[in-house]
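Q: Here are the chains, one letter per residue:
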Amino acid sequence: GDSVIQMQGQVTLSENDFLFINCTYSTTGYPTLFWYVQYSGEGPQLLLQVTTANNKGSSRGFEATYDKGTTSFHLQKTSVQEIDSAVYYCAMLMDSNYQLIWGSGTKLIIKP
Amino acid sequence: DMKVTQMPRYLIKRMGENVLLECGQDMSHETMYWYRQDPGLGLQLIYISYDVDSNSEGDIPKGYRVSRKKREHFSLILDSAKTNQTSVYFCASSYRGRAETLYFGSGTRLTVL
Chain L
1 GDSVIQMQGQ VTLSENDFLF INCTYSTTGY PTLFWYVQYS GEGPQLLLQV
51 TTANNKGSSR GFEATYDKGT TSFHLQKTSV QEIDSAVYYC AMLMDSNYQL
101 IWGSGTKLII KP
Chain Y
1001 DMKVTQMPRY LIKRMGENVL LECGQDMSHE TMYWYRQDPG LGLQLIYISY
1051 DVDSNSEGDI PKGYRVSRKK REHFSLILDS AKTNQTSVYF CASSYRGRAE
1101 TLYFGSGTRL TVL
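As they're listed, the protein sequences go chains L and Y. Position one of the first sequence corresponds to residue 1 (the numbering used here), numbered consecutively onward. Position one of the second sequence corresponds to residue 1001 (the numbering used here), numbered consecutively onward.
Treat the hints as calculated values from the structure; they're not laboratory data. Given the structure is predicted, the values throughout are model-derived calculations rather than measurements. Just so it is clear, CB atoms sit at the ideal spot from N, CA and C, and this is done for glycine as well. Don't take each hint at face value.
[To be verified] What follows is a set of in silico ranges between Cβ atoms, one per label pair, in the way DEER data are often shown: (1) S85/L with M1007/Y: 24 to 30 Å; (2) S40/L with T1005/Y: 17 to 23 Å; (3) Q1044/Y with I109/L: 22 to 28 Å.
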């Protein structure tokens, strides 16, 4: 069945470190892929969307890439700051039922 | 002001009690959702509502029911709450046909003792 796997449950970095979070997906359809961010005490909010293979999306210094060949998509940021501490979710929109399938989330901790 | 409001923010109930979680949105979104969030499991869809009185089960509907009598309000009801329903519950909404952009409330942390 359709699924999204987000293996990294937690990532701990120092300020100005490089961030890379990876998700893999499985589907027989044509997915649209997203990254959501959830700050402490809030609900998730859309961070960015990647719609075509090898096309990058970008927002707030974050960049997303999508590799159709490996059915994976990635979130990266060159230099993280303490304010980036949050949980990051990848998600896939199914064109069959137009619903989101969520990864399990990656908690990003930034050491000051 | 685009907002999804959830009440209450925190709730403690005893096992067997009934629980009502309320959600409102001011964007006239047709579609609304209830999710629960547990550590390591991410977001699990409980119910989805496509409009007034048009509700469908999500992935984990057992033990829950919903009510949507007005487009701007969506309620989640737990009849006879169980301890394994302790969780953080999120309500969300989206425009019909724009399911990729969900607007979430701030959540209700429910503890069932």
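Q: Please flag the earlier hints that this structure goes against, numbers listed from lowest up.
A: none
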